[in-house]
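Colleague: Here's the letter readout for the chains.
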Amino acid sequence: METNTEELNEEIDKNFQDRLDFIKFWAKYVKTHPDKEWSKQQNVVIDSQMPKRF
Amino acid sequence: MIYNPTKKEIILNRELSKLDKFVIDFCNLLDDYVLVSGYVSIIFGRSRGTEDVDLLIPEMNSEEFKKLWKKVYENGFECVNTENPKEAFVLFKEHNIRFSRKGVSVPNMEFKMVKKWFDEYSLKDKISVKIGNENLFVSPLEMQIAYKLNLSKQGNRKDLEDAKHIYELFGEKINKDELNRLIEEFGVKREFEIMRKDYGNKYRRIK
Numbered sequence: 001m002e003t004n005t006e007e008l009n010e011e012i013d014k015n016f017q018d019r020l021d022f023i024k025f026w027a028k029y030v031k032t033h034p035d036k037e038w039s040k041q042q043n044v045v046i047d048s049q050m051p052k053r054f
Numbered sequence: 055m056i057y058n059p060t061k062k063e064i065i066l067n068r069e070l071s072k073l074d075k076f077v078i079d080f081c082n083l084l085d086d087y088v089l090v091s092g093y094v095s096i097i098f099g100r101s102r103g104t105e106d107v108d109l110l111i112p113e114m115n116s117e118e119f120k121k122l123w124k125k126v127y128e129n130g131f132e133c134v135n136t137e138n139p140k141e142a143f144v145l146f147k148e149h150n151i152r153f154s155r156k157g158v159s160v161p162n163m164e165f166k167m168v169k170k171w172f173d174e175y176s177l178k179d180k181i182s183v184k185i186g187n188e189n190l191f192v193s194p195l196e197m198q199i200a201y202k203l204n205l206s207k208q209g210n211r212k213d214l215e216d217a218k219h220i221y222e223l224f225g226e227k228i229n230k231d232e233l234n235r236l237i238e239e240f241g242v243k244r245e246f247e248i249m250r251k252d253y254g255n256k257y258r259r260i261k
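Chain order of the listed sequences is A and B. Counting from 1, one number per residue, gives the positions in the first sequence under this note's numbering. Counting from 55, one number per residue, gives the positions in the second sequence under this note's numbering.
Next comes chain B alone, as it looks inside the complex (with noise of 0.2 Å):
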């Protein structure tokens, strides 16, 4: 795995597992989009797995949305939350919606768009994630461990360990100033710290 913070782009040579599959079959729909949340700390090797992947999408009007819907059709997906594109458009205004492979309702897709500061943030910063001849955008590096700890403070302790699995494993290459500057945006710095302290390194060292 390279990453290169000034190209905003990750080069991953991993194994495609089927979840990652069906993420790069949706996006590949898609003219501008991000992934954040969960799924960004399970593409970079994160052990655990999921049922929806979060995505943020621009804002979009009903022929915009329109559109989508039929690509999204055609190319054997489905909203498990109605099948009419009308009342799926109302839907998604106030609510994120979700889009699985037809008859098989997980993983899904969570779609969801950008509203709030810290989702136009990720969208802007994307970065690029190149795995063999296929590329998908993930939320900053930063963003998603001050997100995640965000997140955690509802008491979801699966939150703090996506954080710090990017944490570790990015450490030197993550912009700390950036990143503390959002901790303080989030009011996170317990969090933050819980995140770092060291447990014991009970297991064993890696050469």
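One chain only, chain A, in its complex shape (with noise of 0.2 Å):
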């Protein structure tokens, strides 16, 4: 299978573009919520990410 590079770079972009979207729906979640609400839902990503002996 032949590799399409501009095919590729197009997908990426438009990858970094939703995720560039996407924070901006989550800032906004975060200004309009309240911190204990938001910040549960973060630790959930950020404490997955800690070493288990932590």
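Watch out, some of these pointers could steer you wrong.
Derived lysine-lysine pairs resembling DSS-like cross-links, with alpha carbons at most 30 Å apart [to be verified]:
#1 B/K72 - A/K31
#2 B/K125 - A/K28
#3 B/K170 - A/K52
#4 A/K28 - B/K156
#5 B/K169 - A/K36
#6 B/K62 - A/K52
#7 B/K62 - A/K40
#8 A/K31 - B/K178
#9 B/K256 - A/K14
#10 A/K31 - B/K251
#11 B/K61 - A/K36
#12 B/K120 - A/K36
#13 B/K75 - A/K52
#14 A/K36 - B/K170
#15 B/K156 - A/K31
#16 A/K31 - B/K212
#17 A/K14 - B/K212
#18 B/K184 - A/K31
#19 A/K14 - B/K156
#20 A/K40 - B/K61
#21 B/K156 - A/K52
#22 A/K52 - B/K166
#23 A/K40 - B/K156
#24 A/K40 - B/K227
#25 B/K72 - A/K40
It is worth saying that the hints were derived from the structure and are not from the lab. Just so we're clear, the structure is a prediction, and the values are computed from it rather than from any experiment.
Dock the two chains into a complex; use the hints.
Modeller: In structure tokens:
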């Protein structure tokens, strides 16, 4: 199978733009919800990456 | 979250993550410092983890470093680079060194001595973040955005995302004149435009 670099780059750019769009959404969520509420959700992501014995 | 730019203070009522507790435990051992880079976005809600937390401290001599080393070791941390404080100090003068909880190399605190103008700026104008009874110092938001945009020039999109999180979150409270000045200074106008562009609002609207 041949790799189409242009297509691949387009896909990468699209993915990046989607991520930036999500960041805007999430920042608004953080701004408009109590700290306890968003941080509980965020901690699932952060704590899952911490060593078990930490 | 309440940001008072005049008082240089942010009141944060967040649940602490394990990473926050690690950072607080370590920073409580320091007299003067400022947290910079990725963790500043994370503490304010950016949904990503990290293996290192960047921290700046004022220049210090070998005696001051020795005292700090002792305190750090007495409180359950260790240097990831070396167990020899003299060797660590030599390293520290030229490079960043890392401290972690004993026996656990990640996450770690990446320890940097203030060297450049933007380091001095961050330390001098740091913001106090109050979380319950705890207090952390972070770099000014305008500097955080410009600095992250500058890092993103090296091709790491995560840095631009970190900048966007802060920009969107604190929006109207950010000092636009100062931000523009720093954007000029770092030469990151292009990155700034990419960051603030609207990419379609494809996610559900929040009331």
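Colleague: Which of the listed hints are not met by the structure?
Modeller: 2, 3, 4, 5, 6, 12, 14, 15, 19
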